[in-house]
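Based on these hints, arrange chain U on the given structure of chain B.
Number of protein chains: 2
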Amino acid sequence: MKRLFTYRLCLIGFKRKGFDRVYSYTLGESAGASAEQVRKDFSIFKITGNKRGGYKIDELLSAIEDIIKHQEDQYMIIVGMGNIGRALVQYKRFKLRKMIIVASFDVDPSKQSKRWNIPVLPMEMLEDIIKKFHVKIAILAVTEISAQDVANRLFDLGIKGLLNFAPIILKTPDDVVVNNINLCDELESVIYYTQKVLE
Amino acid sequence: MKRLFTYRLCLIGFKRKGFDRVYSYTLGESAGASAEQVRKDFSIFKITGNKRGGYKIDELLSAIEDIIKHQEDQYMIIVGMGNIGRALVQYKRFKLRKMIIVASFDVDPSKQSKRWNIPVLPMEMLEDIIKKFHVKIAILAVTEISAQDVANRLFDLGIKGLLNFAPIILKTPDDVVVNNINLCDELESVIYYTQKVLE
Numbered sequence: 000m001k002r003l004f005t006y007r008l009c010l011i012g013f014k015r016k017g018f019d020r021v022y023s024y025t026l027g028e029s030a031g032a033s034a035e036q037v038r039k040d041f042s043i044f045k046i047t048g049n050k051r052g053g054y055k056i057d058e059l060l061s062a063i064e065d066i067i068k069h070q071e072d073q074y075m076i077i078v079g080m081g082n083i084g085r086a087l088v089q090y091k092r093f094k095l096r097k098m099i100i101v102a103s104f105d106v107d108p109s110k111q112s113k114r115w116n117i118p119v120l121p122m123e124m125l126e127d128i129i130k131k132f133h134v135k136i137a138i139l140a141v142t143e144i145s146a147q148d149v150a151n152r153l154f155d156l157g158i159k160g161l162l163n164f165a166p167i168i169l170k171t172p173d174d175v176v177v178n179n180i181n182l183c184d185e186l187e188s189v190i191y192y193t194q195k196v197l198e
Numbered sequence: 000m001k002r003l004f005t006y007r008l009c010l011i012g013f014k015r016k017g018f019d020r021v022y023s024y025t026l027g028e029s030a031g032a033s034a035e036q037v038r039k040d041f042s043i044f045k046i047t048g049n050k051r052g053g054y055k056i057d058e059l060l061s062a063i064e065d066i067i068k069h070q071e072d073q074y075m076i077i078v079g080m081g082n083i084g085r086a087l088v089q090y091k092r093f094k095l096r097k098m099i100i101v102a103s104f105d106v107d108p109s110k111q112s113k114r115w116n117i118p119v120l121p122m123e124m125l126e127d128i129i130k131k132f133h134v135k136i137a138i139l140a141v142t143e144i145s146a147q148d149v150a151n152r153l154f155d156l157g158i159k160g161l162l163n164f165a166p167i168i169l170k171t172p173d174d175v176v177v178n179n180i181n182l183c184d185e186l187e188s189v190i191y192y193t194q195k196v197l198e
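Residue numbers (numbering that gives the first Met the number 0), protein chains in the order written: chain B, 0 to 198; chain U, 0 to 198.
One thing to keep in mind: the hints can contain errors.
Pairs count within a copy or across copies, as identical chains cannot be separated in the list.
The list that follows gives simulated cross-link-like pairs (lysine to any residue, SDA-like), each with its CA atoms no further than 25 Å apart [as the list claims (entries may be wrong)]:
id, residue 1, residue 2
1, Lys39, Gln194
2, Lys170, Arg38
3, Lys45, Tyr90
4, Lys45, Asp19
5, Lys131, Asp155
6, Lys131, Leu95
7, Lys14, Ile117
8, Lys97, Thr142
These are calculated hints, taken from the structure and not from any lab test.
Excised from the complex, chain B in its bound form (with noise of 0.2 Å):
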């Protein structure tokens, strides 16, 4: 899955540069796959391509967006509105993808600045807004600390998925979907392979 976003933004790239066909082991190379693999991909997700010709740069692309499509805005919010919570509601690129967030809340909200056109509301409001809004996804930026209790309280507001700043491991219901960014471990990744590299 992560994959058909990374051949995405290749996909993008290529067409950028102006070619409208694509060979899979081109795609491979820049997506850091095999061709096999891509063709792999492709066929679990029933994308043919063309043995002579390559692939549609256009046809791929829909066909990926069909398949990580949401064509409805998705609406969600961000708790937490510390350093990370602050870039996010910031960050412009969700709108363009149909993702909108429609509040944002901290226990301090006065934590509102004027440059931002979503609020910042006050914990109690949490229920209010899912509600009104039927939200199912949230970003979770608030401290390693309270990171399990709210976490628990978006879960019984009916939050089914989560994108989790909080360094921990949270323990969550079955039917819900959590996706850990920790950017200190996502860093030291790039340390260690870095020291390897010049080993």
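The following block gives chain U in isolation, referenced to the frame of chain B:
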């Protein structure tokens, strides 16, 4: 490798709860891996447990630290002081893990805020700082359009590891390590799996 970081997080959690030993299946359950996977991972890294008593958490943690260690401070820079760059420059956890951001760079160095302890420097000073601090690691948080150009410049100046937040797949020399974080893709991935769960 990523799992090692996850194991570490879980182990720290167990330790805080007062445990001093852990079984591979308990750790696996918490980390989202099978007991076999845990044992396999640890055996690759030559970490051995005790069949009856499980693993000693402290021994596991120090073994993991040994693997991912960088005893000395790791100097790094941030290039691009948009929303993401600004969040990262204020992110306190890096320092706790011996990751020291020595400077940040932007085409517009007037983005400097008095609240940050880290200077925002003009791009012309990249070479000076990278050489002075022997910087090998950079965080790239510039726009998509300038990302490849800036990356090329960093590679020319000896940067070997990059944490890239720009939503493009960079062309990189063979001896450079790049770890991409694409926030839209991470969020779309949550949406995708949440929709699967809700179906």
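Point to revise | Up to 25 Å CA-CA - Thr142 versus Lys97, copy category | key: Cα proximity of Lys97 and Thr142: across copies only (20 Å, versus 27 Å in one copy).
Check your understanding: Using 25 Å as the alpha-carbon threshold, which applies to Lys131 and Leu95: within, between, both, or neither?
Key -> within (23 Å within a copy, 40 Å between copies)
Exercise for review: Check Lys14 against Ile117 for me: Cα-Cα at most 25 Å, and say if that holds within a copy, between copies, both or neither.
Suggested key: neither (34 Å within a copy, 39 Å between copies)
**Study point:** Status of Arg38 relative to Lys170 across identical chains (alpha carbons, at most 25 Å)
**Key:** Result: close only across copies, 22 Å inter versus 36 Å intra.
**Study point:** Lys45 and Asp19: within-copy, between-copy, both or neither at 25 Å Cα
**Key:** within (20 Å within a copy, 49 Å between copies)
Review point. Should Lys131 paired with Asp155 be assigned to within, between, both, or neither, using CA atoms and 25 Å as the limit?
Key: For Lys131 and Asp155, only the intra-copy Cα distance (15 Å) is at most 25 Å; the inter-copy one is 52 Å.
Practice item. Please work out whether the CA atoms of Lys39 and Gln194 approach to 25 Å or closer within one copy, between two copies, in both situations, or in neither? Key: Result: close only across copies, 24 Å inter versus 33 Å intra.
Practice item. If the cutoff is 25 Å on CA atoms, where do Lys45 and Tyr90 land: within, between, both or neither? Let me know, please. Key: This pair counts as neither: shortest intra-copy Cα distance 33 Å, inter-copy 43 Å.
Comparing the model with each earlier hint shows violations of hints 3 and 7; every other hint is respected.
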